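Listed here are the chains, written in short residue letters.
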Amino acid sequence: MHPPATPPARTPRRAARLALAAEWTKFRTDATHARLLLGLVLLTVAVGAATAATTTCPDPGCGVDAPRTALTGVLVGQVAAVVLGVLTAGSEYHTGMIRTTLAAVPSRSAVLAAKALVLSGAVLVAGAVAVAGSLFAARLLLPGNGLTPANGHPALSLADGPTLRAAVGSVLYLLLVALLGLGAVTATRSSAAATGAVLGLLFVLPALARVVADPDWQRHLQQVAPMPAGLAVQATLDTARLPIGPWAGLGVLALWAAAALALGRAVLHARDA
Amino acid sequence: MASEFGRMLRAEWTKLRTVPGWVATVAGALLAVLAVGLVGTAATNPNPGRTELPVGPGGEAVNDSFSFVHRALSGDGTLTVPVLGLTSVNAQGPQGSSPGPTAEWAKAGIIVKAGLDQGSTYAAVTATGDHGVRWQYDYTHDAAGRPGRPTATAPQWLRLTRTGDTVTGYDSADGEHWTRIGTARLPGLPRTAQVGLFATSPERAEDTGTGTGLAPAVATGRFGPAVLSGGWAAPAGADGGSVGDASDGSGSDGGGPGGGPDGTGGWTGSLVGADAGTSGSYLPGVAGGYTREGAAGFTVTGAGDIAAVVGGPALAGGRTVENALVGTFAGLAALAVVATGCATAEYRRGLIALTLAASPRRGLLPVAKALLLAALALLVGTAAAAVAVPLGTAWSTAHGFPVAAVPGAVELRVVLGTGLLLAASSVLALALGLLLRRAAPAIAAAVGGLVLPYLLATSGALPVGASEWLLRVTPAAGFAIQQSLPRLPQVFTLYTPASGYYPLSPWAGLAVLTAWAAVALLAAVVLIRRRDA
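As given, the protein sequences belong to chains H and E, one line each in that order. Our numbering applies: residue 1 is where the first sequence begins, and numbers increase by one. Our numbering applies: residue 1 is where the second sequence begins, and numbers increase by one.
In isolation and in its complexed conformation, chain H is listed as follows:
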């Protein structure tokens, strides 16, 4: 006869590890997540490659920002990242799974943190693959369109400081919009509302900035709107003339994501599931 196994003491550390393991299991067993990650990579690389294939540089000083051109696909890939962030928590609200989750892990902050960690890991890996793929495709395509060293465009390389910043920044951009999605769905508890709200926030402000003809307003909009500010990290030319600096811009997006997560955490604590 075996003596009944005493469950190991639930130290906070172990609880956190279990919560993380649980979230990882839930994340990897939903086929939709894998499809979205694949979609993120394919959309980013395909749109980036298509943009690189159509961008030409007929003469020296044509003003083409090669790394930014290569990473144009992030604009489209971010949609998959947002949906992934939303679904990481959103699916549980649909199925009622969230009640089981919260019963198993009483610390609601720990649940949200575990979800954020799992999501971050997945998006960082997929984002890195997508960005690397985009840069590689552009490295092959751009010289054929006149972006040659002779025209002032050396081959794209991560050894180049600004290019590295654009690449790392783009991966972080994808991560931050995914976290924005996670925060939004925890705050609204509805996948549909969260997706609509986040995409609206990302897309409407840049469209608005185009209409507002006052340069001061335009500048301010591009400084606070999450998408234009966050994508400033992709710029490698004339960064001093941007409405907001590359890292500062990504910081603005990080603030949006942090605010959404804080709001989500507050709602998660305050309300029944």
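Note that these hints are calculated values from the structure, not bench results. Be aware that one or more of the hints could be misleading.
As the list claims (entries may be wrong) - If we take Cβ atoms under 8 Å as the criterion, some of the chain H residues that face chain E in the derived model are:
hint	residue
1	Ala15
2	His94
3	Gly96
4	Val204
5	Trp217
6	Arg219
All values reported here derive from a predicted model rather than from experimental measurement. All residues carry an ideal CB built from backbone N, CA and C; glycine is no exception.
Here the structure of chain H is known, so what remains is to put chain E in place on it, guided by the hints.
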């Protein structure tokens, strides 16, 4: 079957209106279109200039700025003038003005116009910089005559004949063999009209390192003797009406319009319009005016254009009607949430099994949902646009931005089109919801598919060709229905997506979006009949 479909519609309507979140979101969509539109038009113009643009006989905003040597003539008659040269002043140096490239649509010609007010009805035959002789009337009409820019050795002979309210334009290489280019009936032309010679020039394209820009240009037309004949001949006893016979010098040059009849056989110089309009500009130190070349004729100098206002750089910071509709993007996102919800909520709650059990003809279900949503979105979009357009226009004007007026029919198309645009995109979102059965991916696909190509195409990140291609084949083509300013081949601007010009005509663009929605809905119908709930 009809009653079954009716019951189905009724059931769907009940489901829709009893979800408080959806009702709030639909109301939110309406408010979002208005609020975002108002924010978009709230900035104050840092360079306030003109706040109103002249309006032509068709109700459209026009540029009507030119240097005019004219006289008031009653009844029927004919004016014949050879144009001996069309050149341009592009830079003002220490030695005075220097010639430069001529704008492709620089004009030197003859015109019959109701009066000197901007926007009044007219008909003109004119030599142009690069497009030969043109017959143009009432700002939007254009026909080509003889090719070639006039020179002293190869002049372009121009002739206008008025008969009642009909004006006919002719051109000729030698002043003897005439070809009719066009005829126009101008019902608004009074019995006594202003007839004479004019010169004007819009800005010209200039390629810079970063793309195509516009540079100021001022046109100078050299005219031979102007001959009046028919009923216009010999007014005030002048012999044969030929200006060449009159003596005594010059009108004002560099100093603006001549003040009145100045002994040049009754001809007067005027600048029509206080400035060169949205599409033209005078160089510093170069003003419009004219010079008498003794018996030989006139030299007339001017900048501006006589044509409908078009968008892009030629609008010079003015606004368009659709600028007030920038909130459509927000409304679209909100309605997509409701539309996909109509599809996916049933799957989530298992209600779909009951719904399908209650309606054996399950293929009709997506159609019923689509009809209902389309009607709702049409209503919301049209109502929001009907308020946003006049409000945003007044709001823009109050903040110092001129808004290019459009004919009533165009404004109606833009307003109704916004409703149709939202209706088609709601149906697309619904169909994607039925196909994917999960809300978040469906909304993302619908909103992303509509807005991302638009953002990519208008951001300037892509070359113009790729941008136009995107706006031809993706659902974003539908935004063309909101384009209010025309694409006129005879008016120069940069007709690119970044300046608000879509490659497809408004209704063709909407048809592309509608086709996407229809195909997606068809796929949903097929799939819902095949698969289990």
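Tested hints:
1. Because the closest C-beta pair between Ala15 of chain H and chain E is about 29 Å apart, greater than 8 Å, the hint is violated.
2. The interface hint given for His94 of chain H is met, as the beta carbon of that residue sits about 5 Å from the closest beta carbon of chain E, less than 8 Å.
3. Interface restraint check for Gly96 of chain H: the shortest CB-CB distance to chain E comes to about 10 Å, outside 8 Å, so the restraint is violated.
4. For Val204 of chain H, the shortest C-beta to C-beta distance to chain E is roughly 5 Å, which falls under 8 Å, so the interface hint holds.
5. Residue-level restraint check for Trp217 of chain H holds (minimum Cβ-Cβ distance to chain E is 4 Å; threshold 8 Å).
6. The restraint placing Arg219 of chain H at the interface with chain E is violated, with a minimum CB-CB distance near 11 Å, outside the 8 Å limit.
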